[in-house]
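K.L.:
What follows is each chain in one-letter form.
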Amino acid sequence: MFTKPIHTKLLYLVILAAALLLPWYVPDAYIFQIVIMSVLYAVAAAGMNLILGFTGQVTLAHGAFFGIGAYGVAIMTKAGISFWLALPVSALIAAFIGLLIGLPTLRTKGSYFAIVTLCFGVIVWIVSGNWVELTGGHNGIFGIPRPSPIPIPFFGELTFYTQTGMYYLAVAVLLLVLFALYRLVYSVFGLTFMAVRNNEPLADSVGINTYATKLVSFVAGNFIAGLAGGMYAAMMGAVSPSAAGYMLTFNFLIFVILGGMATLPGPVVGAFAIPVLMEFMQFLKDYRMLIFGALLIVVIIYFPMGLVGGLRRLNQKVAARRQQKLPESGHASR
Amino acid sequence: MDLFLQQVFNGIMFGSTYAIVALGLTLVMGILNIPNFAHGHLYMLGGYLLFFFASTIGLGYWLGLIVSVAAMGLVGVIMERIVYRPLNDQPHINAFIAAVGSLLFLESFALVVWGSQGLRIPNPYPQMIEIMGITTSIQRLLVILGAVLLIVGLHLFMKKTLLGATIEAVAQNREGAMLTGINVNRVSALTFAISAGTAAVAASLLSPIFMLSPSMGAILGMKAFVIVILGGMGSIPGAIFGGFLLGLIEALGGGYISAAYKDVFAFGALILILSIKPTGLFGRKEEV
Amino acid sequence: MLRVESVTKRFQGLVAVSDLSFEIIKGEILAIIGPNGAGKSTVFNLITGTLKPTSGRIFINELDITGARPHQVASKGISRTFQTTSLFDQLRVIDNLMLGYKWRTKLGFWNTLFHTPRWKAHQAETYQRAMETLDFLGLAEKHDQFVPALSQEEQKRLAIGIAMVCKPQILLLDEPTGGLIQEETDRVTDLIRRVREQGTTVCLIEHKMQMIMGLADRIVVLNYGEKISEGPPAEVKSDQAVIEAYLGGEVHA
Numbered sequence: 001m002f003t004k005p006i007h008t009k010l011l012y013l014v015i016l017a018a019a020l021l022l023p024w025y026v027p028d029a030y031i032f033q034i035v036i037m038s039v040l041y042a043v044a045a046a047g048m049n050l051i052l053g054f055t056g057q058v059t060l061a062h063g064a065f066f067g068i069g070a071y072g073v074a075i076m077t078k079a080g081i082s083f084w085l086a087l088p089v090s091a092l093i094a095a096f097i098g099l100l101i102g103l104p105t106l107r108t109k110g111s112y113f114a115i116v117t118l119c120f121g122v123i124v125w126i127v128s129g130n131w132v133e134l135t136g137g138h139n140g141i142f143g144i145p146r147p148s149p150i151p152i153p154f155f156g157e158l159t160f161y162t163q164t165g166m167y168y169l170a171v172a173v174l175l176l177v178l179f180a181l182y183r184l185v186y187s188v189f190g191l192t193f194m195a196v197r198n199n200e201p202l203a204d205s206v207g208i209n210t211y212a213t214k215l216v217s218f219v220a221g222n223f224i225a226g227l228a229g230g231m232y233a234a235m236m237g238a239v240s241p242s243a244a245g246y247m248l249t250f251n252f253l254i255f256v257i258l259g260g261m262a263t264l265p266g267p268v269v270g271a272f273a274i275p276v277l278m279e280f281m282q283f284l285k286d287y288r289m290l291i292f293g294a295l296l297i298v299v300i301i302y303f304p305m306g307l308v309g310g311l312r313r314l315n316q317k318v319a320a321r322r323q324q325k326l327p328e329s330g331h332a333s334r
Numbered sequence: 335m336d337l338f339l340q341q342v343f344n345g346i347m348f349g350s351t352y353a354i355v356a357l358g359l360t361l362v363m364g365i366l367n368i369p370n371f372a373h374g375h376l377y378m379l380g381g382y383l384l385f386f387f388a389s390t391i392g393l394g395y396w397l398g399l400i401v402s403v404a405a406m407g408l409v410g411v412i413m414e415r416i417v418y419r420p421l422n423d424q425p426h427i428n429a430f431i432a433a434v435g436s437l438l439f440l441e442s443f444a445l446v447v448w449g450s451q452g453l454r455i456p457n458p459y460p461q462m463i464e465i466m467g468i469t470t471s472i473q474r475l476l477v478i479l480g481a482v483l484l485i486v487g488l489h490l491f492m493k494k495t496l497l498g499a500t501i502e503a504v505a506q507n508r509e510g511a512m513l514t515g516i517n518v519n520r521v522s523a524l525t526f527a528i529s530a531g532t533a534a535v536a537a538s539l540l541s542p543i544f545m546l547s548p549s550m551g552a553i554l555g556m557k558a559f560v561i562v563i564l565g566g567m568g569s570i571p572g573a574i575f576g577g578f579l580l581g582l583i584e585a586l587g588g589g590y591i592s593a594a595y596k597d598v599f600a601f602g603a604l605i606l607i608l609s610i611k612p613t614g615l616f617g618r619k620e621e622v
Numbered sequence: 623m624l625r626v627e628s629v630t631k632r633f634q635g636l637v638a639v640s641d642l643s644f645e646i647i648k649g650e651i652l653a654i655i656g657p658n659g660a661g662k663s664t665v666f667n668l669i670t671g672t673l674k675p676t677s678g679r680i681f682i683n684e685l686d687i688t689g690a691r692p693h694q695v696a697s698k699g700i701s702r703t704f705q706t707t708s709l710f711d712q713l714r715v716i717d718n719l720m721l722g723y724k725w726r727t728k729l730g731f732w733n734t735l736f737h738t739p740r741w742k743a744h745q746a747e748t749y750q751r752a753m754e755t756l757d758f759l760g761l762a763e764k765h766d767q768f769v770p771a772l773s774q775e776e777q778k779r780l781a782i783g784i785a786m787v788c789k790p791q792i793l794l795l796d797e798p799t800g801g802l803i804q805e806e807t808d809r810v811t812d813l814i815r816r817v818r819e820q821g822t823t824v825c826l827i828e829h830k831m832q833m834i835m836g837l838a839d840r841i842v843v844l845n846y847g848e849k850i851s852e853g854p855p856a857e858v859k860s861d862q863a864v865i866e867a868y869l870g871g872e873v874h875a
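Chains as they are written, first to last, in this note's numbering: chain A, 1 to 334; chain B, 335 to 622; chain C, 623 to 875.
It is worth saying that the hints were derived from the structure and are not from the lab.
Hints are not guaranteed to be accurate.
Said to hold, decoys possible - Derived CB-CB ranges, DEER-like:
{"id": "1", "chain 1": "A", "residue 1": "A294", "chain 2": "B", "residue 2": "T495", "range": "31 to 37 Å"}
{"id": "2", "chain 1": "C", "residue 1": "E684", "chain 2": "B", "residue 2": "T495", "range": "56 to 62 Å"}
{"id": "3", "chain 1": "B", "residue 1": "R520", "chain 2": "A", "residue 2": "L103", "range": "40 to 46 Å"}
{"id": "4", "chain 1": "A", "residue 1": "V298", "chain 2": "B", "residue 2": "I465", "range": "51 to 57 Å"}
Glycine included, each C-beta is placed from N, C-alpha and C at the ideal position.
Start from the sequences, fold in the hints, and give me the full structure.
P.N.:
The following block contains the structure:
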């Protein structure tokens, strides 16, 4: 029903191998840090893609939920709670707050929802900068401990004091999230999301509860954002209001749109390609946002499918041409 | 009592600014049905253009104001043409994203050209006067006066001129207007020009009192959205009333409750009201 | 089976439907006709819950569904198509049909995430049901093509299919042959007959008189939101009120 061509599967395998072997060939700690950040951003962007790309709801509060996850872990682990409990709890808190926001606002028009999420994002940012007792105000929280080691029978224990440890943790979470999304999206349930995005009145009339669908995607997407944020806190050792700011939301948006909305690899590609690009464009430091702002406009008007979407379209055209020559061949590609 | 009056006066002053900015935004949202997230940044650009024409080029305040407002009108037209018009037939989310892109572009543009340091436009009327126990500079009075004049002028334009009526027609029923031969694209462009221009007026009035910075439009823009949603998209009275109301609430709330969380009031109110009435305070939507 | 009782719909001064009462009898093909603007699509919208009646009631098998929400109405076995062909055009043909069937299944979030056995069963059932319907529609070979690749007539058939995939009791078709040439219209007419043959009651809105006369068991005629005639085609055809309503209006042969 939803199969992929062989060469795509091979490509994914190669990328996975490259990812798993990365600590052996990464040049230095600075680049390693960027890579780890990209993995976390990829997780968050994948969550945003669920809401925006697949269900068609414009959420501009994603950074805020990332921040809620980050602050949650920061506060809890500094209070002595184990990271392994703090992380899921923070993500759940983010999901729950998402539910509270989504319940009243997903009933309204799409544009109102977008504005409300934007406003909510700003509120979270302001609160995190001002509620000094809880969040440390503008200075934020620092001295966040790394995750406690996990004992493994016969092998000793898994520690996370090094970048390598954190890297594998981040990659594991990314793979888990992508796998979950893969299951959700490539199914009839996943079609429901896309139905809401494509034609809401028709979705209504075929009996789909569009409100519930939007709510599920929003809550799930925010859970994922909270997860990424929580790991960010443990990774960086410190959080400040910038971890919940609207700039972060816009970054995620850029990753998703330029990488490819409504594709699973898209946000991951965006989350890696763009920070790398930004690093190379250091000399263009202040012009970066200028270029990305303009790029966002150009891409959404002329290449709304983004990089991965564009590549897939190309793939399909090539496959179609090949099929014309060999009538027996071909998997259905998606 | 003096403090109270002072706060009220400030509230009205900020309220005037909010009213004008919200007014421009509601016009555009009424016509396009798309939130122009970059609206606050148009305000910000208007302020910087005033600085450019008035101080850098040396035209002085009043001439600088006129030129910068005209320039912003042009910017509005350009924005409509290259950002929003191509997306007319696309799903709405594409336009939202383009709006975010414009926002980023404008903010970085200001950052690149003028830097992140706050800039000062010399205050042309810094003289202080006292009215009814309130101490204020003439510039602040000018803000209120200017806003009132602009609102009245716009009202006359919308109600008494053919162009104004045309805009209202398109805002109410885009397809119907097209069928009667109205060039909807031109109307969109004009509306955007007015929207950007009024934002520039607001900025020109207010920025000599405070400093210019690239991010000054962001929060203002969001508050304008709150006002427009609560007052009803496309409703000019809603925008005006909402703008003044918000200005007062913030001034009084900020003065008596908490200055740091002053900005949160507006947003909190939005979420609260939308929960109760999803169509906004004055929204008059039929089902679906 | 479906009963509309004294239903009125007012839109801020405009009366779209006025004190309308009629019935759709189980197993029949009922046609609703009338000049443009007579309120025909509004009636469908009122039945399916897209609009709420200003007054009056609507019953399905004696169950009051007045004011119910669209997806609730759908769950009572009432399906519809739209005047402007409404499809999920970003998705494939088979996806459209699977979506039509989805609400009958328990293919929810947790089931999907954990690939429970129940999920596997429902997923297979949905796929199968979708393919069956595609067979019935004659679109089985095109199942994995994207909607924009289909011809206009195929899209209209697909739209009917979406409404049909969960075996509704009643199918409301809003101008199912709009814009089609005679040959295509005949194919769709044939399809509608087959739909009725396999047990679904049909109510359709149409403008094409010749098609209606040959297809419908009974006809309801609306004008300015009011019912002006009701009965078998032969009766309605010679009803004076109907002839007058159409004089000066368009009559498609």
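K.L.:
For each hint, tell me whether it holds in the structure or not.
P.N.:
Hints, verified against the model:
1. A:A294 / B:T495: 31 to 37 Å: Holds, since A294 of chain A and T495 of chain B (Cβ atoms, about 36 Å apart) stay within the stated range.
2. C:E684 / B:T495: 56 to 62 Å: Holds: the Cβ-Cβ distance is about 59 Å, inside 56 to 62 Å.
3. B:R520 / A:L103: 40 to 46 Å: holds, 42 Å
4. A:V298 / B:I465: 51 to 57 Å: Holds: the Cβ-Cβ distance is about 52 Å, inside 51 to 57 Å.
Going down the numbered hints, you'll see the structure goes against none, and every one checks out.
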